[in-house]
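Engineer: Chain residues, written in single-letter form:
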Amino acid sequence: MIKSSTANTVPMQLRRILVKNSYLLALLLLIIAVLINYLLQPNFFLPGVLNGNLQTYLPLLLLAVGQAIIIVGGGIDLSIGSIVSLTNVIVVHALGNQSSPSQIALAIVLGLLAGLLAGAFNGFCVAYLRFQPIITTFATSFVFLGLAEWVMPSPGGTVPADLANLYTSNPLGISFMIWVIAIVLILWGILRSTRFGPYLYAVGGRPMSAYQTGVPVSFVRLSSYALGGLMAGMAGLALALTTGSGDPLIGSPMTLDSITAVVLGGTRLSGGQGGILGSILGVLILGVIRSIISFANVPTWWQTLVNGIIVILALAGPGLVSLIRRQRA
Amino acid sequence: MGANGSGKSTLGKIITGVAAPDQGQLLLDGKPISFSSPQAARKRGIVAVYQELSLIPDMTVADNIWLTHEPRRWQSILNGREMRRRTQDLLKLFEGTIGPMLQPDAIVATLAPDERQIVEILKALSFDPRIIILDEATASLDSQQVDRLFDLVAQWKTQGRIVIFTSHRMEETFRVADRVTVLRNGKTVGTAQLDQISQEELVAMMIENSVASQTLTHRSEHESSPVRLSAERIRTNILQGVDVQVHAGEILGIGGLQGQGQSDLLLTLFGAIAYKGAIQLEGKQQRFSHPSQAMSAGIAFVPGDRGAQGLLSIRSIFENLQLPSWAKYGLPLQMKNARQDASQVASRLNLVMGSLDAPVDSLSGGNAQKVVLGKWLLREPKVLLLDDPTKGVDVGAKGEFYRLLADLREAGTAIVLYSSDDEELLGLSDRILVLRDGKIQGELKGEQLTKSALVATSMGSEQESAS
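Each protein sequence line maps, in turn, to chains L and X.
The first sequence begins at 1 in the numbering used here and counts up one residue at a time.
The second sequence begins at 1 in the numbering used here and counts up one residue at a time.
Looking at chain L on its own, in the form it has when it is part of the complex (with noise of 0.2 Å):
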């Protein structure tokens, strides 16, 4: 007997392709965004531009993979520009003048543990306190914006040279860039081959499921913004490899670029379902849309409005769906 199974019609398909390669869509966006820009822009395949305009993403790369582990598990960190700044600071104001291995390595390490902790904190109040993620990383985002102009309340300081350069240098003849995108979805792999990967997808797919088949969600939830908070730490980090310098409020604008980032790679803002990768070609769509704006004259204010009508549609696609199914019915 052959079952009537409602998975053979094309809209059930089209979800299990999409459910499995959220990436696709924003492949194909990233593949026109770079198709145009190169129409504009003759020069853009240039391994000095390309690498050029890599190392401008490198920093919100880092973030947007933290944002999209967060929302992958079911949550969202609307303070994650705020710890980029905070770290950013940490890390140029524990460097000071010195440039001897310790201090910088004493830099790099208080400031990923900044990070971590901050997250850490969002997370605890949002799994163990039960807040309300969007509110509580809203509040969060001024704390860890006033912490950032107690350590330096305006920009300044200054990066060696040494540590500047490991930025623009090349290992092996590969650039710096390309190795830290390897080595992030390399651990990116390795997690997700650990019970922590369906753990995390579980709890931002139905916690009561999940609870009741025994995964630990607050942990899991707490990890979840742990590790986002560690991102926006390496985010700072290179922020400050890049400028050459600390500032203050660096990391603010970048909260929303990374939302953005994640949604555009397929990622649901509902938790659940996306991953990684997407959250990479959205960053690199984002870079490629701000490139043609650049090039073809347009005011740079279009890039934040298109930042935002992204996520308004990313929100209203399910609603958007159910309404019409609603219509046919």
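Since the hints were made in silico from the structure, they are not lab data.
The structure displayed is predicted, hence computed values, not measured ones.
From the three backbone atoms N, C-alpha and C, an ideal C-beta is built for every residue, glycine too.
Please note that a few of the clues may not be correct.
Stated by the list, open to error - If you want the footprint, here are the derived chain X segments under chain L, 3+ residues with CB under 8 Å: (1) 38-45; (2) 57-66; (3) 69-79.
To be verified - Cβ pair distances, simulated, as ranges: (4) L187/L x Q39/X: 24 to 34 Å; (5) S364/X x M208/L: 25 to 35 Å; (6) D105/X x Q103/L: 46 to 56 Å.
Based on these hints, arrange chain X on the given structure of chain L.
Structural biologist: Relative to the frame of chain L, chain X by itself:
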């Protein structure tokens, strides 16, 4: 087995550690134990298959089945191939009864309800349990799949596993079980070997041997009054073609076991869920796609979950009463008239309250439910839909609530009532439609409005007109 609210599900929850008993103890292998969580029970080999699924929609079948006990290499790295292989083995148990889409890598959300239920059963089995509780686990399975499940149950028995089976399909219980324990009102009535008991005797054990007290006098005049609301061939995800007619001045009861589509029917009539079929109000064709349309046509809905659906709990009684009716009071709102009307309704409802401006959550459960009803009284509805309206309401308030319904019926309102309390349903309704598996199993009226007839029809037993 047991009728609605007899405590079957609660008992299952206590055994699996989902709920804690107030008193008494659980013995496993003769030793007293207590479970603090479902995981604790699972460690001792007790798992349950519930109807409300515990699956994660966007994860694969294999990931779902092995969640929290994934096969691993070196303690920590997941072994995907092993996981898929073992899933494949489990799926073989249902081979031939499931569609080709049910694969280890299929996303659960894309599966049909019966396939999801099978995944749920396999998930329970993957824990290699000693005791399996199947709580209405057959509800969404077709007959072939049920046959296969029963073959498996027979195997499990020979493997020394214990199966606790609850089902609203009586013939299934007779097919699969050896022994039956009947619960009634939270107490054990008796235990019997199933080959020594008949369906009639079982129904008799499930119900009390008393006549249902009539809260309101049943009336039959309504049969001559015009049909107020009629619905034909209503289909939703749960309903499978239901016809309903309500006359003016009639209380129509919707009965049956829980979750047979009663709430769906009421929500459909209120325009709150998508449906197929035709609805006529006073002879005119209607198509409601939003509750506001049903409201302006004169239909009112009192939900059972008053906290979530019926009331704005932190706002005042006054605001709650007037919420659906503000349009009457012009622009700017004529607050004086509104307050007068509201206090009239409050006195008609006999509300026990501090003042109209007190927040609704300062009221007792019964009084709060009266507010939910009262806010519709201001609109003088033609049709009143009640979805288990007296859940958690004390006896005194219930009495007043019933009197309000009687007044409304007298005034010619057509009332459709679903109640999980069989006594209440029998006591209030002039006529009862019994739903089962999304279809109408039978209609009870006049002499047939007895508890045994209601229970027997709900269970799908043959003896439908027993009295």
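Engineer: None of the hints should be skipped; say for each whether it holds.
Structural biologist: Hints, verified against the model:
Interface restraint, the stretch 38-45 of chain X with chain L: holds (3 residues with C-beta to C-beta distance below 8 Å; minimum three). As drawn, the stretch 57-66 of chain X meets chain L at 4 residues by the rule of a beta-carbon pair under 8 Å; at three or more, the given contact holds. Under a criterion of three residues with beta carbons nearer than 8 Å to beta carbons of chain L, the stated coverage of the stretch 69-79 of chain X is upheld, 5 such residues being counted. Here the CB-CB span from L187/L to Q39/X is close to 30 Å, well matched to the stated 24 to 34 Å.
At roughly 30 Å, the beta carbons of S364/X and M208/L sit within the given window of 25 to 35 Å. For the hinted restraint 46 to 56 Å between D105/X and Q103/L, the CB-CB distance of approximately 51 Å keeps it satisfied.
In terms of the numbered hints stated before, the structure departs from none.
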